[in-house]
Amino acid sequence: MVGDLGERVAADGAARVDGRTPGAGTTARVDERTLGAGTTVRFALLVALLVASSSLILLYVAIALSAYDGFSCNLAAGVDPVTDPAANVMARRALQWEAYRSCSERYAPPPSGWWLLGWWALLALCTAALFRVLPAWKARRSRVVPLAAVDPDGEIGRTLADLCAVAGLARPPRAVVDLAADSAGAVVFGRTGRATVCLHIGLVTERATDPARFRAVLLHELAHIANRDVTVTYLTVALWRVHVAVAVPLFLLWCGWKFRTASESQVWSAEAPVVARGLLVTGLLAVLVYLARSDVLRSREVYADLAAVRWGADPAAGWSTAPAPAGGRGRRIRHAFAQLWHPHPGWEVRRAALTDPAVLFGVRALPLVLTGAAAAITHTHIAYAITQYNLLTTWTQHAAALVPAALVAGVVGTALWRAAVYAALTGQPAPSSVRAGLWLGLGLAGGSAVAGQGTINEWLPARPWLFALVVAAAVAFTWWLTQCARLWVVAWRGRSLRGVALLNLTAAALALSLWFFWWQSVGAAYAAGWSFDVAGLRDYLMTQYTGGTELDHPPVSPVDRAYVLLMTVGPTSPPLALLALAGLWAVPLLAWLPRPGVGPPRWVRDAAPGDGPAPGPPPPRLRRVLVAGLLGGVAGSLAAVAHSAWLHGRERPSATAFLVTFVAGTILALVIAAAVAGAAARVAVPAHRLPAALIAGAVATFLGSATVVALRVLDGCVPALALDAGSCSWELAGPLRMFPSVIVPALPVTVLVAGAAVALPRPRGAPPPGRPRSMAWGRSCALLLVTAGLAVATVHAAQRMPHAGRLPAEEETQRIARQGGYALVAAPVSARSRALQAQAWLDVGGDDLLDRFWRGRRDLFAAVTTGVQAGRSIDRLDDVRPLCAEISEFARAAVRFFRVPDPETHPVWQRFVALARQGSQECQQALDADQAEQFNTAMRKLATAQETGHAVDDRLDALLRRGGL
Amino acid sequence: MVAVRDVVRAVVTEAAPRELPLVDGLATYDDETVVRLLRRTGSRREPLGFGWGEAVGLLTPVVWLVLDQVAQRLAGKAVDTTTSRARGLLRRFARGRRAPADIPSLTADELAALRAEVLDLFTRRGLDARAAAELTDTVVRRLGPPADEGPGGPNPAR
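From first to last, the protein sequence lines stand for chains A and G.
Mapped onto this note's numbering, the consecutive letters of the first sequence carry residue numbers 1 to 965.
Mapped onto this note's numbering, the consecutive letters of the second sequence carry residue numbers 1 to 158.
One chain only, chain A, in its complex shape (with noise of 0.2 angstroms):
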């Protein structure tokens, strides 16, 4: 009687928890391994983000410790901490662009790079030893006994061995026992290739009187070894843990410090929005860490489920369940929340996986708002990073584009493909592809804002509506991805999808990382408030299509606006820009390459075995998407040669107004080219309408590029099509000018104008499917078109390859500030900023060039004296003119440093560099001619240069005393 007694206890307390049994069907419909479940990349980006936090940390931190004085810099330059908006930075410094990175390379240089390599050395040593020490820790003697402790007969050992064979591990964990874990349950920790499983002493105890269960839990934790589930999962979590111990309590320090010294200082009103950023990044990071790492691990676990059962494990033994929560709305929600932050997932959404995993086939909010979060945040730490060490090539900013992109392509492009491949398998419809966009975009959204991304020292961006842009971008990004993926599914009969759905994923990435891209250099900006003269713009670009040939300066009219704008948004600096744009149709035109055959394809035959499902409709036709195009690319031609008529007719009062309207035109031109092939694919096809909208509208592109080129080619072969007043001489090297400077701009518009035809309502009745055969025209026709695509691309990244490697030079690009590159917002300043500027004016070199003078003129002076009292004429006066060099120097520096921050004194500092540059000129060019009288009016001007310059200190004086300084 007493016998039975554990039992009945033990009952009692497996009854709190629930009976089992769940459903009886076993056997997966979908197979889950179809594609990779994009679990190390989801870990790959935790890690990236990890890296790139503390990094940042290291850096504020490094810069703290330095004598590093970037306020000086902005100050000198003219910033006002206080009233300055954003915009008003950007433009101070960029108007001043060669005197501010000057300054900063002697004021404010970044920490060495040593630091940044020590400190990622630091991580990985820490990461690697709290890697190693955790398994230990964990199966330290006091914690756990050998399994051989509660298996004197070996039995349970037995089993361990047989279970190992049956899940193939070539290597079987090592087996403890926790004797204070009293559920039946087990773990597994170590790495992957040295295990560790941890049995619970419950479930042995159970194991006598259930062993099915026993072998079920067993069979799940060799499943996460069998997944390589191990390593990866506990990397991260000493990765984090590293990150916790190490890099927060540096910059918890860091920001007690500052938070310390806000009232001593003078800038903290600029300081303070970037500290509280600071923490509330660093409190997300804490929040999005252990959500995602949950996320990741609740899927793991039904894969190790699958698995499990796959091998024989019994699912109405092993997976009880809970019961569901009961109680109204508010408790349900309360359990759905509770359950984010779980590792596992609930028995519910278990038991159903295993009949049906149609949670790994899923695409869901928390991961892709997460992962939108965890990727903006990621660049906007890289883009500080490469901004502060100055390294602000084309090609490292796509660089860092290109890190988030991928892994951003890597977890949401998986993520559809999988919902794609599911969908096609059991023909329930797929999830919204805008919908998953809207959740991403909102993820990249406020992970930008919230990385302070658009702000600079403002706490709120100035246009925080641009953001919007980043959730469309996200829309476009999903939308293209789930389009392709169910274009490929039906196309595709390889063996695996694995292969086409990584070109597609790389593909979107390329594309992503152009969006990164041009949000971090434009976008961003734009944010902030940016804010730039059309008219000085115009008149910079015209200049660069007449080879630097000025001409003259009309009023702004609607169409510079336009181009101005498209010629400022557009993305296309990078090398691998046009490859980007191009991957977008190509990719999918490879689509109508493969073969149709008879019957499901054999990947399908895998995927879903016994059912073998056709996963749907063939694509259609290329045929009618090629024609679609050609009519896009008919429309274009006629349009730009209806412009040339339009062109030739028009007077032309100005040669600026002529050459934007011709390059609006052109552009034009291939919009709607664009435009209509677009819009005519849509109506073509079935299905695929995204895809074949692009592909047509890109022959359409095509079409109307050559005609644009065709028409200058033969400019003055057709009287009514002339533009240029010389013959028809068939000139190329202007027409072939049109390629980086009027067709490329334009190719990112047509692209998206394409896609975005697809979403015009269309014409009742659907156009009948096409054949199931693929003609060999259309395939030649497709690759024929990816060929000049690639091509085309090719050319493009020759022709950028020599740019993007090198910094922009700093004359140009101040050059182009003051050409209206930047414009500055009126804002008050007082006389305490006044009084801060100048004195930063003056420490940072102002104070220099006035003794530099003072002191060059002085020796000037009396080396003249010396010589005139040893009464030498102005032929023996020789000696004295490395002084008179010496101020000409002076002088060219004097002109490359900042303007004096007060409109006032800015004149007087002018008048005095101007009278110093002549004064020296002057007198080498007395002493060169023997001039006398020359000589002494140069050194009159010298004077009168050291009065001014005394006047300019009086007034800086007054500037510091006005100011309370």
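Just so you know, these hints were derived from the structure itself, not from any lab.
Just so you know, these numbers come straight off a predicted model, no measurement behind them.
Among the clues, some could well be false.
To give an idea of the interface, some chain G residues facing chain A are shown, with a C-beta separation under 7 angstroms as derived from the structure [claimed, not checked]:
id: 1; residue: Ala-3
id: 2; residue: Arg-18
id: 3; residue: Glu-19
id: 4; residue: Leu-22
id: 5; residue: Asp-24
id: 6; residue: Gly-25
id: 7; residue: Arg-40
id: 8; residue: Glu-46
id: 9; residue: Pro-47
id: 10; residue: Leu-48
id: 11; residue: Phe-50
id: 12; residue: Gly-51
id: 13; residue: Val-56
id: 14; residue: Ser-105
In silico SDA-like cross-links for lysine to any residue, where the CA-CA straight-line distance does not exceed 25 angstroms [said to hold, decoys possible]:
id: 15; chain 1: A; residue 1: Lys-138; chain 2: G; residue 2: Arg-36
id: 16; chain 1: A; residue 1: Lys-138; chain 2: G; residue 2: Arg-40
id: 17; chain 1: A; residue 1: Lys-258; chain 2: A; residue 2: Ser-55
id: 18; chain 1: A; residue 1: Lys-258; chain 2: A; residue 2: Ala-44
id: 19; chain 1: A; residue 1: Lys-138; chain 2: G; residue 2: Leu-20
id: 20; chain 1: A; residue 1: Lys-941; chain 2: A; residue 2: Asp-930
id: 21; chain 1: A; residue 1: Lys-138; chain 2: G; residue 2: Glu-32
Pulled a few chain G residues facing chain A out of the computed Cβ check, cut under 10 angstroms [unchecked claim]:
id: 22; residue: Pro-21
id: 23; residue: Ala-27
id: 24; residue: Thr-28
id: 25; residue: Thr-33
id: 26; residue: Arg-36
id: 27; residue: Leu-38
id: 28; residue: Arg-45
id: 29; residue: Gly-49
Idealized CB from N, CA, C, for every residue including glycine.
Model the placement of chain G on the given structure of chain A, informed by the hints.
For chain G alone, kept in the frame of chain A given last:
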């Protein structure tokens, strides 16, 4: 004088033989470690585990902890107080070990009092009344005089 661990083994052998592997495992530790281990019994949320929250309801920890508590009281030591825990920590720090937990031979009166105490402790540890009574009987039987004392000997179960 009888060791707590011996009583536990005897009780578990009789009341819950399937838990003998646990007793075997615990036997590799000293009494202090066992008590520390059993006090933190529960389920943990760990990555790559099978799941959590499925306590199977083991008797061994209950029996061991109750008997240890009794042994400590009989030895004149108060347990479960902050002071004693702090002392325990200090002792561990100084590598000191407490003596093995033993229960001395008891008179019939003492055994009767002990029965009430054990029953109360089992009940307080969550066993239902019936299970607690049966388990208490088993424990008392193991602590009582040998069976050869005959029906006339002390029998606290009566």
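A quick look at each hint next to the structure:
1. Restraint check, Ala-3 of chain G versus chain A: the minimum CB separation of about 18 angstroms is more than 7 angstroms; hint violated.
2. A least Cβ separation of about 5 angstroms between Arg-18 of chain G and chain A falls short of the 7 angstroms threshold, and the interface hint therefore holds.
3. At about 5 angstroms, the closest approach between the beta carbon of Glu-19 of chain G and any beta carbon in chain A falls short of 7 angstroms, and the interface hint on this residue holds.
4. Taking 7 angstroms as the C-beta cut-off, the interface hint given for Leu-22 of chain G holds, the closest approach to chain A being about 5 angstroms.
5. Taking 7 angstroms as the C-beta contact cut-off toward chain A, the hint placing Asp-24 of chain G at the interface holds, the least distance being around 5 angstroms.
6. A hinted interface residue such as Gly-25 of chain G counts as satisfied when its beta carbon comes closer than 7 angstroms to some beta carbon of chain A; here the least separation is about 4 angstroms, so the hint holds.
7. At about 5 angstroms, the closest approach between the beta carbon of Arg-40 of chain G and any beta carbon in chain A falls short of 7 angstroms, and the interface hint on this residue holds.
8. Checking Glu-46 of chain G against chain A: minimum C-beta separation of about 5 angstroms stays under 7 angstroms; hint holds.
9. Below 7 angstroms, beta-carbon pairs count as interface contacts, and Pro-47 of chain G has one with chain A at about 5 angstroms; its hint therefore holds.
10. Restraint check, Leu-48 of chain G versus chain A: the minimum CB separation of about 5 angstroms is within 7 angstroms; hint holds.
11. The closest approach between the C-beta of Phe-50 of chain G and any C-beta of chain A is roughly 4 angstroms, which is under the 7 angstroms cut-off, so the hint is satisfied.
12. Taken as an interface hint, Gly-51 of chain G checks out: its beta carbon lies about 5 angstroms from the nearest beta carbon of chain A, inside 7 angstroms.
13. With a least beta-carbon distance of about 4 angstroms to chain A, the hint placing Val-56 of chain G at the interface is held under the 7 angstroms criterion.
14. Interface restraint check for Ser-105 of chain G: the shortest CB-CB distance to chain A comes to about 24 angstroms, outside 7 angstroms, so the restraint is violated.
15. Taking the CA atoms of Lys-138 of chain A and Arg-36 of chain G, the gap is about 16 angstroms. The hint holds against a cut of 25 angstroms.
16. A C-alpha spacing of about 15 angstroms is found between Lys-138 of chain A and Arg-40 of chain G, which places the hinted pair at or below 25 angstroms, so the restraint holds.
17. About 19 angstroms separates the Cα atoms of Lys-258 of chain A and Ser-55 of chain A, which keeps this hinted pair within 25 angstroms; it holds.
18. Taking the CA atoms of Lys-258 of chain A and Ala-44 of chain A, the gap is about 32 angstroms. The hint is violated against a cut of 25 angstroms.
19. Restraint check for Lys-138 of chain A and Leu-20 of chain G: satisfied, since their Cα atoms lie roughly 24 angstroms apart, inside the 25 angstroms limit.
20. Our distance criterion of 25 angstroms between C-alpha atoms is met by Lys-941 of chain A and Asp-930 of chain A, whose separation comes to about 18 angstroms.
21. About 20 angstroms separates the Cα atoms of Lys-138 of chain A and Glu-32 of chain G, which keeps this hinted pair within 25 angstroms; it holds.
22. Look at Pro-21 of chain G: its Cβ gets to within about 4 angstroms of chain A, closer than 10 angstroms, so that hint holds up.
23. Hint status for Ala-27 of chain G relative to chain A: holds, with the closest Cβ pair at about 8 angstroms, below 10 angstroms.
24. Using the Cβ-Cβ criterion of 10 angstroms, the hint placing Thr-28 of chain G at the interface with chain A is satisfied: the shortest such distance is roughly 5 angstroms.
25. Interface hint status for Thr-33 of chain G: upheld, as the beta-carbon distance to the closest one in chain A is roughly 6 angstroms, under 10 angstroms.
26. Below 10 angstroms, beta-carbon pairs count as interface contacts, and Arg-36 of chain G has one with chain A at about 8 angstroms; its hint therefore holds.
27. The criterion of a C-beta within 10 angstroms of any C-beta in chain A is met by Leu-38 of chain G, whose closest approach is roughly 7 angstroms, and the hint holds.
28. With its C-beta approaching chain A no nearer than about 6 angstroms, Arg-45 of chain G sits inside the 10 angstroms limit, and its interface hint holds.
29. The restraint placing Gly-49 of chain G at the interface with chain A holds, with a minimum CB-CB distance near 4 angstroms, inside the 10 angstroms limit.
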